[in-house]
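Asker: If you want the building blocks of each chain, they are given just below.
There are 2 protein chains.
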Amino acid sequence: MEPIKPTTRTQVSRHRERGAYDRALINSVLDEALICHAGFVVDQQPIVIPTIHARIGDRLYMHGSVGSRMLKTLRTGASACVTVTLVDGLVLARSAFHHSMNYRSVVIFGTAKETVDLEEKRAAFEAIVEHVCAGRSKEVRAPDENETKATLVMWMPIIEASAKVRAGPPIDAERDYALPCWAGVVPLKIQPQPPIADDRLAAGTPVPDNVTNYTRENARR
Amino acid sequence: MEPIKPTTRTQVSRHRERGAYDRALINSVLDEALICHAGFVVDQQPIVIPTIHARIGDRLYMHGSVGSRMLKTLRTGASACVTVTLVDGLVLARSAFHHSMNYRSVVIFGTAKETVDLEEKRAAFEAIVEHVCAGRSKEVRAPDENETKATLVMWMPIIEASAKVRAGPPIDAERDYALPCWAGVVPLKIQPQPPIADDRLAAGTPVPDNVTNYTRENARR
Chain A
1 MEPIKPTTRT QVSRHRERGA YDRALINSVL DEALICHAGF VVDQQPIVIP TIHARIGDRL
61 YMHGSVGSRM LKTLRTGASA CVTVTLVDGL VLARSAFHHS MNYRSVVIFG TAKETVDLEE
121 KRAAFEAIVE HVCAGRSKEV RAPDENETKA TLVMWMPIIE ASAKVRAGPP IDAERDYALP
181 CWAGVVPLKI QPQPPIADDR LAAGTPVPDN VTNYTRENAR R
Chain B
222 MEPIKPTTRT QVSRHRERGA YDRALINSVL DEALICHAGF VVDQQPIVIP TIHARIGDRL
282 YMHGSVGSRM LKTLRTGASA CVTVTLVDGL VLARSAFHHS MNYRSVVIFG TAKETVDLEE
342 KRAAFEAIVE HVCAGRSKEV RAPDENETKA TLVMWMPIIE ASAKVRAGPP IDAERDYALP
402 CWAGVVPLKI QPQPPIADDR LAAGTPVPDN VTNYTRENAR R
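Chains as they are written, first to last, in the numbering used here: chain A, 1 to 221; chain B, 222 to 442.
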């Protein structure tokens, strides 16, 4: 895999100390985040669309209907920006000004390429299902020929990429530490709720472990 | 408040049945979502940045350092797209193809204006703190003159806006309902974890109710 080097586009400018170009960190954020927000331009208008992604090595895959405006635009070789954000907690300071969020985000710039090769397309489908729920691709019916044809798969290289991370307690102005208000962090987590079985589920079908014990942290591997 | 009417930009094209232009729905999604993803264009490159927002009436406020590239770009009157996404659950179908997500998203197109008026700027600061944690703006030190000057506040009209919602069980192909695999929905929720008090908190400072009982659903009103 190519190393990640900051470019003029990915050099974090605000809060440089929060910028990171470590591939393991970038990968872990991409893998934990369920969705990304893909940005592209149509007639000079920026458009930001939430979509599911999945990573294989240093490629970020996105998919959707062949009718999707986003994918049709990316297919033309349009510049894109894919951003992924994990909100880890509220940072509650003693002053309004020093309130913040703990987060891990990744921004990827580049252009996407279509996955035409059938084997790679199948691997991408599998990676996307596994990204959502590890182990599931082996439990469900794989895409047939028509479904495969109706689905466009595009990938972006995870090369021009950067992460930005804030962690830890609030940093208040020295004069504010004496204020009597509570300050600290409220960690936030995505918590799965009890699964709701489909009405037409065959009686006695067990809930699989990867659903019962679902968490984003171990969503993959 | 101006009514919301679909324009060529906000008319949902894929899955039209999921499109919605109801102001109450749009407002509720904007209010529940902790952050948005703001898209803008610099030298033909789309850039997507996560940021906190807050709504007052039909205005969406964003704020940050006067040095922020995003805000400096918006200040020039650049076209913007602000997208907010709530992931409500995994939709696990019997076929890979019919997997989906339950979500509520809002897309707003337009250009942002700077909030220069001091009273409006203070109201925006308050709305942003309240957006993160209801009741908190009264408990913390308000921004002083320097902090106010160092912060740029921009707002976008919530007029050219649309929501997109998917809810409910998986919709499988008729032939797949007989498959023996589990299918259904795994609802996802943002769950606050026990608050972590700042190390320098004065002994005996109580954890306020709005922190103890924090949820995004009742984050506002």
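The set of hints was computed from the structure by calculation and includes no laboratory data. The reader is advised that the hints may include incorrect statements.
Unchecked claim - Result set (DSS-like, lysine-lysine): computed pairs, CA atoms no more than 27 angstroms apart in a straight line:
#1 A:Lys5 <-> B:Lys293
#2 B:Lys410 <-> B:Lys370
#3 A:Lys72 <-> B:Lys334
#4 A:Lys5 <-> A:Lys113
#5 A:Lys189 <-> B:Lys334
#6 A:Lys113 <-> A:Lys149
Asker: Hints first: check each against the structure and report whether it holds.
Answerer: Comparing the hints with the structure gives:
1. A:Lys5 <-> B:Lys293: holds (26 angstroms)
2. B:Lys410 <-> B:Lys370: violated (37 angstroms)
3. A:Lys72 <-> B:Lys334: violated (32 angstroms)
4. A:Lys5 <-> A:Lys113: Between A:Lys5 and A:Lys113 the Cα gap is close to 21 angstroms, so the pair holds against 27 angstroms.
5. A:Lys189 <-> B:Lys334: violated (34 angstroms)
6. A:Lys113 <-> A:Lys149: Satisfied, since the Cα-Cα distance of roughly 16 angstroms is no more than 27 angstroms.
The structure does not agree with the numbered hints 2, 3 and 5 stated previously, though it agrees with the rest.
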